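Trainee: Below, each chain spelled out in residue letters.
Number of protein chains: 2
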Amino acid sequence: MSVTARVPQDEVSREAAGLPSPYLLFLGDTVEPGYAKTAFGLRDWVGERCVGEFVLPGGRVSTGLPALAPAQAAAEGARGLVIGVANAGGIIPSNWIAGLVEALEAGLDIVSGMHARLGDIPELKAAAERTGRRLIDVRTPPTGIPVGVGKPRLGRRILTVGTDCALGKKYAALAITRGLKARGLDVDFRATGQTGIMIAGAGVPIDAVVSDFVAGAAEMLSPAAASSHIDVIEGQGSLLHPAYGAVSLGLLHGSQPDSFVVCHEPGRTEILGHPGFAIPSIEAVISATLALGQVTSPDIRCAGISLNTGKLTPEAAEAEIAAVAARLGLPVADPLRGGAAFERLLDSCLA
Amino acid sequence: MSVTARVPQDEVSREAAGLPSPYLLFLGDTVEPGYAKTAFGLRDWVGERCVGEFVLPGGRVSTGLPALAPAQAAAEGARGLVIGVANAGGIIPSNWIAGLVEALEAGLDIVSGMHARLGDIPELKAAAERTGRRLIDVRTPPTGIPVGVGKPRLGRRILTVGTDCALGKKYAALAITRGLKARGLDVDFRATGQTGIMIAGAGVPIDAVVSDFVAGAAEMLSPAAASSHIDVIEGQGSLLHPAYGAVSLGLLHGSQPDSFVVCHEPGRTEILGHPGFAIPSIEAVISATLALGQVTSPDIRCAGISLNTGKLTPEAAEAEIAAVAARLGLPVADPLRGGAAFERLLDSCLA
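For the protein sequence lines, the chains are C and A, in the order given. Numbering that gives the first Met the number 0 applies: residue 0 is where the first sequence begins, and numbers increase by one. Numbering that gives the first Met the number 0 applies: residue 0 is where the second sequence begins, and numbers increase by one.
Hints in this document: simulated from the structure, not taken from any laboratory. Here the structure is a predicted model, which is why all the values come from computation and not from measurement. We treat Cβ as the ideally placed atom computed from N, Cα and C, and that holds for glycine. Careful, some of the hints might be misleading.
Distance condition first, Cα-Cα at most 35 Å in a straight line; then the derived DSBU-like pairs of lysine-lysine [unchecked claim]:
1. A:Lys310 x C:Lys150
2. A:Lys150 x A:Lys124
3. C:Lys180 x C:Lys310
4. A:Lys150 x C:Lys310
5. C:Lys150 x C:Lys180
6. A:Lys124 x C:Lys124
7. A:Lys150 x A:Lys310
Just a few of them, taken from the derived set where beta-carbon distance is under 7 Å, the chain C residues facing chain A [said to hold, decoys possible]:
8. Leu248
9. Gly249
10. Leu335
Distance windows between CB atoms, simulated [as the list claims (entries may be wrong)]:
11. C:Ala322 x A:Ser286: 41 to 47 Å
12. C:Gly200 x A:Gly143: 28 to 34 Å
13. C:Arg267 x A:Ser286: 51 to 57 Å
14. A:Ala68 x C:Leu289: 40 to 46 Å
15. A:Gly328 x C:Gly57: 57 to 63 Å
16. A:Pro274 x C:Glu122: 48 to 54 Å
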């Protein structure tokens, strides 16, 4: 993470802890809810720190929070505007800039998890300097990441993996963390994406790491710990994704997970943003994760399946969960619905 | 590639074509031949452009070229010193710096394929400015790399993959390129590593690309072409390597190869630089490459095996080639030994 420049790793946590909340969630002119993961994640997991949302003309995605212009949000106590949407490629479109400048002029810092650096946009840089506000890039990885070593290390690790992007790997990891904490266990959520880092206050933006160092970054993120300690690591992408498989594989190898949970959204048939690419089967993801995960975690196993049933009725969700469990012979749950199925998934994570 | 700064992609070929040869090959104080891939590659494929080698005290690796101090090399016509060794992590050790400054003072430019940027080392930066020489970083990727799209594209592509790093993927790709050209076909070697780029005069240093963009970089490297055109793409790392699997997977997905050749070194039992990690079987690499490669190349197939038998006698090499061919039922050859076995491997690449 950086404030217009790269900072050493030991400053990452400090800065994240100091992110300027309460937040105003910026949704741009986005029309695809799947790209608004950051806004929804902040609303759902740290909603008490979100005062409202700011949507540009043409935008058709809403978090349900009050619509506020930057000046209104500042009057309500907001200290930072968070860019709550991510485009493929992480570019900040030119038609967003006036709105972002408006936020700086209203006294808000800007927090971004996109690939593009805020400070590289001349209008934003100038406005930040003029107003004395900060441009905070959560997605800039720490410097000095080593290459992976792959050596076995102490502590237990659980990784969420998926059949696609943006279908619940972060939510599953957060819910598993909360569920295990509720059992009195020593658990950390390890964030690998911009939203997770904003929620957790620390982490490594794994998809922004140079490919040679992805496994090393994952090793750094979940270091050796007491044998009773559990890290629940936020997965990224999918091994079977045409664009982001590299991120997923480096994270898998570096995380050395004892177990993994496959995240899937019933009813999604094509890879998000890649029309014509069928979603792989859960079985194919399990098979690939086992085959590749054994490189650094010889006894790796699938603890179960996390289904994102947000678009289903409770009855349909229950039927889908039962059907997938019967098909695979593994614990299956929607962590956001909780219940006995989710407790069985947690049991399996601990087995 | 950059001359102390990032440059746009369209300048890469121009600059590479203008690399300052003849070269003096710098071997530092390296004691592990496996790390001197660059020096050996330049000697073997563009030996006519290498005047000699420069080894520091303690070094125990030699290319067999004449030992020359920088001033002697300059007197023999050298224009550039090429750093011919790569450490894990790509760091330039402090005990190399005096020798590199000596080269600049002798009138040589420095060409590096390491992760560390030459211009980031104050002593080198100052010496380059003082002497008017250039610091050329071949490993800096072009700017503006897109994320992968994965869509089918015209042209034929062959990718070399491997059971480990540094065992012949570049040599195999160069030899296959040469063999197919000898048959009158329209073939390009596509370089993905520092040495390959120095040899080819163009390419993308794939392991230096941010992980989210590796597949996109591979798509850019081997663009759509006439259906009779063949790109032979230099592989990197191994899907089953504990540190570099991410690089290999992004390259596989982005390359969309019609076929691949698995490169292996008989007798190597452990992953280079990762003691305790057994070399995966050729079968495991074929299986992982097929399973993951199908994401973007549904009809991907293994064309055969390239064995690096450099440490074997001709008789032992022939026996090993025959044994692996019988075991796998695929064409097997050592491209550097050529012969009928290699012609059968080329036939299979074209099948």
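Trainee: Quick one: which hint numbers does this structure break? Sort them smallest to largest.
Mentor: 2, 7, 10, 11, 13 and 14
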